[in-house]
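> Line by line, the protein sequences give chains A and B. Per the working numbering, numbering of the first sequence is gapless, rising by one per residue and ending at 137. Per the working numbering, numbering of the second sequence is gapless, rising by one per residue and ending at 201.
Hints are supplied without guarantee of correctness; some may be wrong.
[As the list claims (entries may be wrong)] For lysine to any residue, the following SDA-like pairs were computed, each having C-alpha atoms within a straight-line distance of at most 20 Å:
1. B:145 x A:124
2. A:69 x B:88
3. A:34 x B:88
4. B:136 x A:34
5. B:193 x A:63
6. B:193 x A:110
7. B:193 x A:80
8. B:136 x A:110
9. A:69 x B:113
10. A:34 x B:128
11. A:82 x B:89
12. A:69 x B:154
13. A:69 x B:94
14. B:156 x A:69
15. B:136 x A:63
16. A:69 x B:193
Because the hints were derived from the structure by calculation, they are not lab data.
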Amino acid sequence: NAGVTQTPKFRILKIGQSMTLQCAQDMNHNYMYWYRQDPGMGLKLIYYSVGAGITDKGEVPNGYNVSRSTTEDFPLRLELAAPSQTSVYFCASSPGEVSPLHFGNGTRLTVT
Amino acid sequence: AQSVTQLGSHVSVSEGALVLLRCNYSSSVPPYLFWYVQYPNQGLQLLLKYTSAATLVKGINGFEAEFKKSETSFHLTKPSAHMSDAAEYFCAVSRGGGADGLTFGKGTHLIIQP
């Protein structure tokens with residue numbers, strides 16, 4: 026049982042480059058989330074999805090895009106990378122409203 | 088909007104001593120509250136959750152938390168610290184009682200002194 030799988034684990038981008046952070050879950054959860062974690066700041070919600078084809082913005086969506094074509098996958102897209110997007114990104118899933126989140130191990134992204 | 092405040096970005100205790108990590112919440116609706124733990128280079132793992140049943144909630148690894156509505160608090164405790172408890176701990180509250188995830192506190196780094 027893999028749970029929530031994120032790839033890659035690490036990535037270095039140059040300013041202006043684009044990339045997609047992958048997230049997949051095998052628990053058949055409807056709800057999926059993307060958070061970013063910055064030192065001393067906790068986790069901030071970027072985007073979330075309540076099911077295939079449905080996505081919505083969180084607290085800090087600027088500079089990011091998401092899609093949810095299947096229940097399993099929830100990729101996060103950075104179109105024009107900026108130094109402010111240097112962070113650790115976590116994907117999470119949940120079986121229902123106010124249920125605990127199951128987290129992946131994160132992607133550490135550096136933009137220089 | 089729901090929010091949580093964790094008092095103390097770093098807490099240091101001796102091995103075998105009581106662990107107390109503080110969390111206060113602000114919520115306009117009955118809250119769902121969670122404590123998560125994060126070990127280095129890993130994702131967050133659920134320690135325990137409060138969902139309006141018993142006010143004293145027991146979690147994994149000997150941790151427990153007590154929901155106190157009058158104090159809007161949900162402090163995390165463990166009677167006797169172990170070296171393996173060294174980690175980052177996050178308190179979280181449901182954002183709106185719906186599907187839009189959790190709002191996290193800034194975290195408390197727990198240091199265990201031998």
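> Look at each hint and say if it fits the structure.
Hints and how they fare:
no.	hint	in the structure
1	B:145 x A:124	17 Å, holds
2	A:69 x B:88	14 Å, holds
3	A:34 x B:88	33 Å, violated
4	B:136 x A:34	28 Å, violated
5	B:193 x A:63	9 Å, holds
6	B:193 x A:110	18 Å, holds
7	B:193 x A:80	26 Å, violated
8	B:136 x A:110	31 Å, violated
9	A:69 x B:113	17 Å, holds
10	A:34 x B:128	10 Å, holds
11	A:82 x B:89	17 Å, holds
12	A:69 x B:154	24 Å, violated
13	A:69 x B:94	18 Å, holds
14	B:156 x A:69	25 Å, violated
15	B:136 x A:63	24 Å, violated
16	A:69 x B:193	10 Å, holds
The structure shown violates the earlier hints numbered 3, 4, 7, 8, 12, 14 and 15.
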